[in-house]
Amino acid sequence: MRLTGPALTLARRAAETPAGALLLRRQALSDFGIDRLLDLPPGERGPLRFDPQPLHPTRKRGWQDQGLGAPTSAPGRITAAMLRDAFQAGTTSPVEVLQAIQHQLGSRRLGRAAHSPFVCTDFERATEAARASQERWARGEPLGALDGIPLPVKDQVEMEGLPLRCGTRYFSEVARRDAFVVEALRLEGALLYGRTHTTEWGMNPSGFSPHFAMPRNVYSSQHGAGGSSTGSAVAVALGLAPVALGSDGGGSIRIPSALNGLVGIKPTFGRISRSGDAFGAGTVSSMGPLGQSTADLVDFLSTACAPDPRDPASRWAPHNPERASQWRAALGRGVRGCRIGYIPEEIDALDPALQQPTLEALRSFAAEGATLVEVDFPLAAHALAIGVLAIGLETLANLADHLIMHPDDFSEEVRVMMASLRTITTDEFFAAQRTRELLKERLRDLLDDIDLLALPTTRTTALPYDLSLTGAELLDDQGTRDMCRFTFMANISGLPAGNLPIGRHKELPFGLQFVGAAFDEASVIAALAHGERMGLNHLPAPTDYLKLI
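Sequential numbering from 1 applies to the sequence shown in UniProt numbering.
Worth flagging that the hints you see were computed from the coordinates, not collected in a lab.
There's no promise every hint is true.
With beta-carbon atoms standing in for the labels, derived distance ranges [stated by the list, open to error]:
1. Arg61 x Ser107: 23 to 33 Å
2. Ile404 x Gln222: 35 to 45 Å
3. Lys60 x Glu128: 42 to 52 Å
4. Gln27 x Pro321: 50 to 60 Å
5. Gln27 x Ala400: 15 to 25 Å
6. Asp544 x Gly90: 21 to 31 Å
7. Pro309 x Ser107: 41 to 51 Å
8. Arg131 x Arg49: 49 to 59 Å
9. Leu467 x Arg422: 11 to 21 Å
10. Leu48 x Thr543: 18 to 28 Å
11. Thr543 x Asp376: 37 to 47 Å
12. Leu467 x Gly43: 28 to 38 Å
13. Ala472 x Ile404: 18 to 28 Å
In this text, a Cβ means the ideal position worked out from N, Cα and C, and glycines have one as well.
All chains, please: the whole structure from these sequences, using the hints.
Structural data, given as structure tokens:
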């Protein structure tokens, strides 16, 4: 169902009546496979725990390290490592880099994205940070891997002194302090010069919103950029930064990464503190990076991951001092001896045009020494339904007061979704949660036999989003299914998962994701890096890509 304009308004009005809500319920249960989830026999449900802590693996992780070193970046792309080399050589400076970005945005050279990825900028504070960074580089005393590196932040994370919009037209609170992760990035010297667009409360995975002029896909102005970390993906894809902060509650890092030709990783739930994250209240969402290269992801993770007393979940992670060096070493581990599982039924669920290139990408890993393992995992087909109920009902609860006080300020799309979610009964939610627990247990057991689980990232390439629809109301249930069909598995289990671009269809990129065991980001990093080494992510740079050096 894809509705816009008066038809969507009529659907929303109907949804907010008792009879209309029941009709919508039947449609939603069918569209997202919730009816099939609820029909599962008792044996397909586990104990009711309400514990989002990821289940730890029972065996030591990893495979033999080939010691290959970090892969080279995709041709024409500028990474954080390249900027550091330029700073050290004195061929450019953090101040000059920031000025180039400001000029690019000011001249509106945005290529096919058409609209700016930023909802607001803070070049004044960023320039002060750039000058301080420039002085440190001149002394040969950088603070770390991100010193002087431009790094956009998704508009759901608190940045002191800047309004927090969360993709809405009514919410605009000025943050009184930095989020934990923002503070960590500033302490490392990163240049946090702006907030990037997100879809309304992160609820649209396609990159659609009626509230702002959303940036389009960097390869096509007639297609969405994916969401909900829409602006962060577009900013990196346009060369306005080598890495950006996003978040992922149902694929919101991996989806826009796949659609814009980037790597991106959702870390294990609890790996990064959610303190100061407006979308962080719940059991499925994690903050993480989108980048030009896997090494950029490692730079980010090495800085952002630390225990935070304000977020008890951050204490679940094994914060050993060697973790950063282990992640960096994983860049050169290779895949020889790695056991990569794949589920044939999930490949079959892809758009037919993407099936063969996805299988070819998997076979290329096998040619490099990995072992492909065909696995049977029927619960994968229910991950979307479980995830929709989990994130949907958690969001409904978190926005309950907002929906009462600002009903007319929400989009028609979100109002329809919330009306549909209100029809879910307690018994139905509990049944889904019990199947979620069983899926977590079985996925842990599966990952005790294999090193990584490979899944498509999205079912299709980017969805149509004509520039004429800028500011228009739009509801696309089929599109939501196509975007999130394979991503929720990692969210409802809390496991790390990263996207690797593997090609284009009709000029639009698509990706392959790797899911690892709890807190084994290193194995995910190793697979992404080797995909880079093989050139799977070597896509042409978008129009108006900014070469900062």
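What hint numbers does the structure not satisfy? 1, 9, 10, 12
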